[in-house]
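Keeping their order, the protein sequence lines are chains A and B. So for the first sequence, our numbering puts the first residue at 1; every next one is plus one. So for the second sequence, our numbering puts the first residue at 1; every next one is plus one.
Read the hints as simulated data drawn from the structure, not as lab findings. It cannot be assumed that every hint is accurate.
Said to hold, decoys possible - So the derived list for chain B, only partly shown, Cβ under 7 Å to chain A, looks like this:
no., residue
1, F34
2, V81
3, W83
4, G99
5, K101
6, G105
It should be emphasised that the depicted structure is a prediction, and the values quoted were computed from it without experimental measurement. Heads up, the beta-carbon is just placed ideally off N, CA and C, and yes, glycines get one too.
Given next are the chains, with one letter for each unit.
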Amino acid sequence: DVKVTQSSRYLVKRTGEKVFLECVQDMDHENMFWYRQDPGLGLRLIYFSYDVKMKEKGDIPEGYSVSREKKERFSLILESASTNQTSMYLCASSFGVRTEAFFGQGTRLTVV
Amino acid sequence: AQSVTQPDIHITVSEGASLELRCNYSYGATPYLFWYVQSPGQGLQLLLKYFSGDTLVQGIKGFEAEFKRSQSSFNLRKPSVHWSDAAEYFCAVGLYNQGGKLIFGQGTELSVKP
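Work the whole structure out from these sequences, hints included.
Printed below as a string of structure tokens:
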């Protein structure tokens, strides 16, 4: 079975902190994604990576950056956390074009 | 711009009744389409997918969906809903000309009455 693992289920951080959310997949997938999930807004794409060190902005990249130094790991970075970044963050991976994505369990981040 | 619309934010059906969840997409090329389900506190699980061929696709848990190109729709159906189907359902479109980027709709929350 494909496994996408997010490092934390719950995280509480202070405003202004630099926050790292980590995601690891074990299936040699080319693509990896970070989404933010908010009630009534569905899943919004923050960043997408289609290869190591390659990334593309999604719909809401402001305030976020990403890093993909190894194929299996995709990190989401909040440079200076703000309260409006309190949300559920979902990581996913896929083989590439015309394939489904597999999701991690999510990280519920609260910024206080 | 590409987009996915799920017009119904919340639907309530009685157990045993039929279900249809609507999904419309906007994409200039032939899409590939997905339905995912998310139970409370869980990640997303794939219900079914459409890539090509037969426009009626079968998925897990008794769900099916029909692709209608003329209506840009991919509605999800189930003939008889069970209480365990209460969850949030997401429709998604894959953009093959953008490296496989996935765009999701807003989600439909399904409640099931006993």
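Violated hints, by number in ascending order, as checked against the structure:
2, 3
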